[in-house]
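Peer 1: Chain by chain, the residues:
2 protein chains.
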Amino acid sequence: MSEQHIASAFDRDLEAVQAHIMKMGGLVEVAISNAARSLETRDEELAQQVRQGDKEIDALEDMINEETARVIALRAPTAGDLRLVLSVLKVSGNLERIGDYAKNIAKRTTTLVEAPHIGSSAATLRRMARDVETMLRDALDAYIQRDAELAQDVIRRDEDVDLMYNGLFRELLTFMAEDPRNITACMHLHFIAKNTERMGDHVTSIAEQVIYLVTGERPTESRPKADTTSQTV
Amino acid sequence: MSEQHIASAFDRDLEAVQAHIMKMGGLVEVAISNAARSLETRDEELAQQVRQGDKEIDALEDMINEETARVIALRAPTAGDLRLVLSVLKVSGNLERIGDYAKNIAKRTTTLVEAPHIGSSAATLRRMARDVETMLRDALDAYIQRDAELAQDVIRRDEDVDLMYNGLFRELLTFMAEDPRNITACMHLHFIAKNTERMGDHVTSIAEQVIYLVTGERPTESRPKADTTSQTV
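Chains as they are written, first to last, in UniProt numbering: chain A, 1 to 233; chain B, 1 to 233.
Same shape as in the complex, but just chain A:
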């Protein structure tokens, strides 16, 4: 078996695993979008669909992790190739967490179905979710194409999501203070907003992974962190 032959067998294996990552990413994108839409339109059935769909995402993660282990055992990759294969585990882990957050949003949507709309929160949450979804698509494209520039752009855009989250955090506090009957609904919306903001962080992790793969260096500490709500007094 020539060196060339081994190399291309590895490439084929890696491509197969990455195809599953893309499939998983597609499912997660749909979950984000449907979770936000079901909240905005109070669509309980769609929320239920998101909750059910998370099982498929989890199953894909398990499969990807097993495939990855098989590729390592079979091809014994080293250096850059090994780094590439191990990155699959990180990315699938991030995708699984994002799927979990979408599921949690859908759960709370089911709880909120009878609650009145609180200001424009659902629309803001929809906008945040749409941004995160687009960022995720670009992060995965950057991953497949090893495009550090696109990955850097994704990291920058996470700041907008954080800023929207800050605004919503303050708005929801106001609605709570104005009418105690809003408190429980607002609490759920707070957690939904936080979940969406956390999704953005996981997308950022994927983008950072791309930069590490391409440049061999971890992005510097200066990752923009515009979520300042933990300092709100």
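Among the hints, a few may not be true.
Identical chains blur together in the list; that is why a pair holds if it fits in one copy or across any two.
Unchecked claim - Once the Cα atoms are required to be at most 27 Å apart in a straight line, the calculated DSS-like pairs of lysine-lysine come out as:
1) K225 to K55
2) K23 to K194
3) K90 to K225
4) K55 to K23
5) K90 to K55
6) K23 to K90
7) K55 to K194
8) K194 to K225
These aren't lab readings, by the way, just hints derived from the structure by calculation. Owing to the predicted nature of the structure, the values given are computational and were not obtained by experimental measurement.
We have chain A already, so just place chain B on it with the hints.
Peer 2: Structure of chain B alone, referenced to chain A:
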């Protein structure tokens, strides 16, 4: 080089990596404990220490991940040995996340330093944190000793943490409704409680990893999930 020699070199490498996991676990335990104590005693300096300490935890994770990649590249482990090495990445990932949650609690503690105590929330949070800390110690012991029974016990105990979280969630809602001036402080306490509950989930993930390593099977779906707050109306 004999087969035996290779095997024991692998074991030595693995032990070295696991020693770093234990060190990382120790730092995370301290972070959990100090985050909760700084909140209860309004100790801003201790909170600052937790925030600073997270850098060391993150650096350890990076080091462990690099060591793991080196062991794989050097020893080309397969089957059970490979599963063992890959589990290190999962466990270090979980520890890093728990450390992050402790850091976030410490951030919010800094914000809450001037706020009045809300009911017995700080004491409840302290109790939750203590439970999570003990669970973490046991989960890591179970990991090193491949003790599936102890791991199963850890998973069971996470239910108590979830139950405490449920109670606190409702209590905080009441305090918010009683006096709107409590709202912002209660919001931070809500997130602190949720962070602690999530820490318990990550400890549970470590325990599940142990069961997978020992039995070769993923724990069944029936993991107790007593956090029902997303259904609170």
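Peer 1: Which numbered hints are broken by the structure, listed smallest first?
Peer 2: Violated: none.
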